[in-house]
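Protein chains: 2
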Amino acid sequence: MKMIAGGVTAAKGFEAASAAAGIKYQGRDDMALIYSAAPCVAAGTFTSNVVKAAPVIWDRELIAAGGPVHAAIVNSGIANACTGEEGMRYCRQTAEEAGERLGIPADSVLVASTGVIGFQLPMDRVREGVRLLSEARSDSEAAAEAASRAIMTTDTVNKQFACRVDADGCEVTIGGMAKGSGMIHPNMCTMLSFVTTDAAIDKELLQKAVSAIVDDTFNMISVDGDTSTNDTFVVMANGQAGNRPITEEGKSYDAFCEGLRAVCRALAMALAGDGEGAGKLIESRVEGADTRENARILAKSVITSSLTKAAVFGCDANWGRVLCALGYSGAQFDPDKVDLYFSDGAKEILIFTKGSAADYSEEEATQILKSTKVIIRADMHMGDVSATAWGCDLTYDYVKINADYRS
Amino acid sequence: MKMIAGGVTAAKGFEAASAAAGIKYQGRDDMALIYSAAPCVAAGTFTSNVVKAAPVIWDRELIAAGGPVHAAIVNSGIANACTGEEGMRYCRQTAEEAGERLGIPADSVLVASTGVIGFQLPMDRVREGVRLLSEARSDSEAAAEAASRAIMTTDTVNKQFACRVDADGCEVTIGGMAKGSGMIHPNMCTMLSFVTTDAAIDKELLQKAVSAIVDDTFNMISVDGDTSTNDTFVVMANGQAGNRPITEEGKSYDAFCEGLRAVCRALAMALAGDGEGAGKLIESRVEGADTRENARILAKSVITSSLTKAAVFGCDANWGRVLCALGYSGAQFDPDKVDLYFSDGAKEILIFTKGSAADYSEEEATQILKSTKVIIRADMHMGDVSATAWGCDLTYDYVKINADYRS
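Each protein sequence line maps, in turn, to chains A and B.
So for the first sequence, our numbering puts the first residue at 1; every next one is plus one.
So for the second sequence, our numbering puts the first residue at 408; every next one is plus one.
Be aware that one or more of the hints could be misleading.
Quick list of simulated restraints, FRET-style, between CB atoms [as the list claims (entries may be wrong)]: (1) R292/A with M530/B: 50 to 60 angstroms; (2) V523/B with D336/A: 28 to 38 angstroms; (3) M88/A with T773/B: 27 to 37 angstroms; (4) D697/B with D336/A: 35 to 45 angstroms; (5) Q26/A with G434/B: 31 to 41 angstroms; (6) A358/A with R435/B: 47 to 57 angstroms; (7) D697/B with A64/A: 20 to 30 angstroms; (8) V523/B with D404/A: 50 to 60 angstroms; (9) D575/B with D404/A: 37 to 47 angstroms; (10) K370/A with R435/B: 41 to 51 angstroms; (11) K370/A with G434/B: 51 to 61 angstroms; (12) D404/A with R435/B: 45 to 55 angstroms; (13) E293/A with D575/B: 45 to 55 angstroms.
Think about it this way: if two alpha-carbon atoms lie no more than 30 angstroms apart in a straight line, the pair counts; the simulated DSS-like pairs of lysine-lysine are [said to hold, decoys possible]: (14) K370/A with K431/B; (15) K354/A with K370/A; (16) K610/B with K400/A.
Stretch by stretch, here's where chain B covers chain A in the computed footprint (C-beta under 8 angstroms, at least three residues) [what the hints assert, rightly or not]: (17) 22-32; (18) 252-265; (19) 293-307.
These aren't lab readings, by the way, just hints derived from the structure by calculation.
Just so it is clear, the structure is predicted and the values come from calculations on it, not from any experiment.
Glycine is no exception: its CB is placed at the ideal position from the N, C-alpha and C atoms.
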């Protein structure tokens, strides 16, 4: 497995485009297209929120139907959530417009939206945007980057990663993009992420890989504990790599999963580190847990604790808040057995052991917390299961961004 | 039932005191005493956090043992949590010192701590504090108020309430105090709250009343989603009212419960409204739910949503975040059936109905959100069960307070 440059156009046969449709933002691209002339199998996971945005319902049904998928149309101005029947009609109209422009069936077009909840899409602008996208599409690296920028909302950096894996002697490429900065506490998948691959792979196996990998990547990040109405993660596989189709588990499937996991993990970490207002990525590693579920619960509890997040922002080694967050997670453990470490990736110090504070230097701890990546490692000494979760610090800017998001 | 002035000395036979022991704060009282010469039955609920502070363990065992209780000693400088064996020893020593000074058994003395986690108590100062408390105790209203101030940490106002109820023709008084501003997401009870009553009541019935009432009051508030290591709620009943002892459910028990509920509810709302950095109390009312559990889950999800809290801070009627928070709560419902209202207590407007935005005035909504009490009411139209939860807005000051709490 080798990470390479690029995003959704890294795999063979994929094109991308972006366009300024003026849906909410002015003077910047706010729509994106992913397109494959060759039909794709698609797999996805979507928000577990009871309140599901219209495009989530559209995509879920489309993927469940199992027909070939050719394209995805994304806008970053209006979420098209809580929009009733009208919102569903707009999804269909968007797909129909794209189908006509690209010469493909409307039911091969995924749609996705992100932005403010409760407003209806201006369909004339969406239609014009689809026209611009269909004319601008290209398989260049620049097109992929422009698409990854067009789907940003409060994101401060665009997020795209790609890799190559060897599947049975054949080079397979996997590339993806993601957006999301607030309302990030995925429970099935993140806000919006699209991954393309030229692998030839069974739809069922692709879905299996997606479900397993989402659990360790997108589902292990949190910015604010709010699970969005629009969470969407879709992988499109068009089979253009020429590999012997992956129809069963084995070496090729494992290689593909390794690559897909690497891309998803990089995208998930990028989402957490670019959380609204965030200055630091917090990585919470839990080791020595008794079960996988407990390891995951404990790791996530630390990165969702507002008090821990605020302490990291303030470079205050207030480790009591970490212990407290482990304690209320819902997982059982013996506090007297926990070893707690802080690290900046280069230097690690023991903070808490045998039920009380270790003999550490407060200055060293503060120094570590000044890093842009802070690693909090807890060894529970109960078993041999580990889990990692990613979050970010809680800053003035998070409050600022969310106190006047709509204005 | 009638609310009256006063706090923990409102009921007959209770004395209180405060003292400046210099445990963490200088120039203010940081220790408090509640004392009854007549023996009390006591009931309590404590944090569900796996990491329990030493005084929580001490009090839980003392109440479970079931012997008479005479006093509670509280300090507000150091939490005595994550302090190992030494922390437990300090609880015992505090109780012994108080026992000696007050002429009561050490195992009739409750202890409670709140403050920074991970530090050991300076026992010489605690002992001196206990001496000062035992000498200063009084049954005056001023003593109760001073005690309620002494247990504050980041609280900005002291919190005490009292009421009178009629138990079988006899006047029974219930009065209490509470503190707590951050790390407030009680799961059993709130940070620290003590209620005294002169009712004569069975220990088992008292515990039953406490457990039921805590569920609708202290367990329905949240400031930041962090469940403390020190949550303690204790009711002490000394039987000095002269009522016929309440030994079974019935009219007297119901009257007592009504009074206890009123005091607990007032204390809980005061805690939520005085959340760290908070400028507004948010009341989330869920009506028409199918089960009590779902009503509670839905109501709490709204007041714990960081995005909703930040929107209320910014007076932004971003109702999509409320729908979103209901949606990820874990309770099932049909979004198209939900009616959502915003109110400031005087004026209420319909915001969302039949799956999309109602035709409301944005200016009116903003005006409502400028109130210091914002009521968010959701009618789920699924049944007839209601629940109410209380929280506060998320402000710059919350981040500020928690970024440098220890410094």
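Checked hints:
1. At about 43 angstroms, the beta-carbon gap between R292/A and M530/B misses the expected band of 50 to 60 angstroms.
2. For the pair V523/B and D336/A, the supplied restraint of 28 to 38 angstroms is violated, since their beta-carbon distance comes to about 20 angstroms.
3. Separated by about 30 angstroms at the C-beta atoms, M88/A and T773/B satisfy the suggested range of 27 to 37 angstroms.
4. As the Cβ distance of D697/B to D336/A is approximately 42 angstroms, the hint placing it in 35 to 45 angstroms holds.
5. Distance hint for Q26/A and G434/B: a CB-CB separation of about 55 angstroms, inconsistent with the stated range 31 to 41 angstroms.
6. A hinted range of 47 to 57 angstroms for the beta carbons of A358/A and R435/B is inconsistent with their spacing of about 32 angstroms.
7. Taking the beta carbon of each, D697/B and A64/A are about 28 angstroms apart, inside 20 to 30 angstroms as hinted.
8. The beta-carbon spacing between V523/B and D404/A, approximately 34 angstroms, falls outside the hinted interval of 50 to 60 angstroms.
9. Remark: the range hint 37 to 47 angstroms for D575/B to D404/A is contradicted by a beta-carbon distance near 56 angstroms.
10. Here the CB-CB span from K370/A to R435/B is close to 32 angstroms, at odds with the stated 41 to 51 angstroms.
11. Between K370/A and G434/B, the C-beta spacing of about 32 angstroms breaks the proposed range 51 to 61 angstroms.
12. Range check, D404/A to R435/B: Cβ separation about 37 angstroms, and the 45 to 55 angstroms hint is violated.
13. Range check, E293/A to D575/B: Cβ separation about 52 angstroms, and the 45 to 55 angstroms hint holds.
14. In summary, the hint linking K370/A to K431/B is supported, as the alpha carbons are separated by about 26 angstroms, within the 30 angstroms threshold.
15. Distance hint between K354/A and K370/A is fulfilled; the C-alpha atoms sit about 27 angstroms from each other, no more than 30 angstroms.
16. With a C-alpha separation of about 50 angstroms, the suggested pair K610/B and K400/A falls outside the 30 angstroms cut-off, and the hint is violated.
17. For the segment 22-32 of chain A, the stated coverage by chain B is violated: 0 residues have a C-beta nearer than 8 angstroms to a C-beta of that chain, whereas at least 3 were required.
18. A count of 0 residues in the segment 252-265 of chain A with a Cβ less than 8 angstroms from any Cβ of chain B is obtained; the coverage claim is therefore unmet, three being the minimum.
19. Coverage of a stretch by a chain is defined here by at least three residues with a beta carbon nearer than 8 angstroms to that chain's beta carbons; for the segment 293-307 of chain A and chain B the count is 4, and the condition holds.
In summary, the numbered hints that this structure violates are 1, 2, 5, 6, 8, 9, 10, 11, 12, 16, 17, 18.
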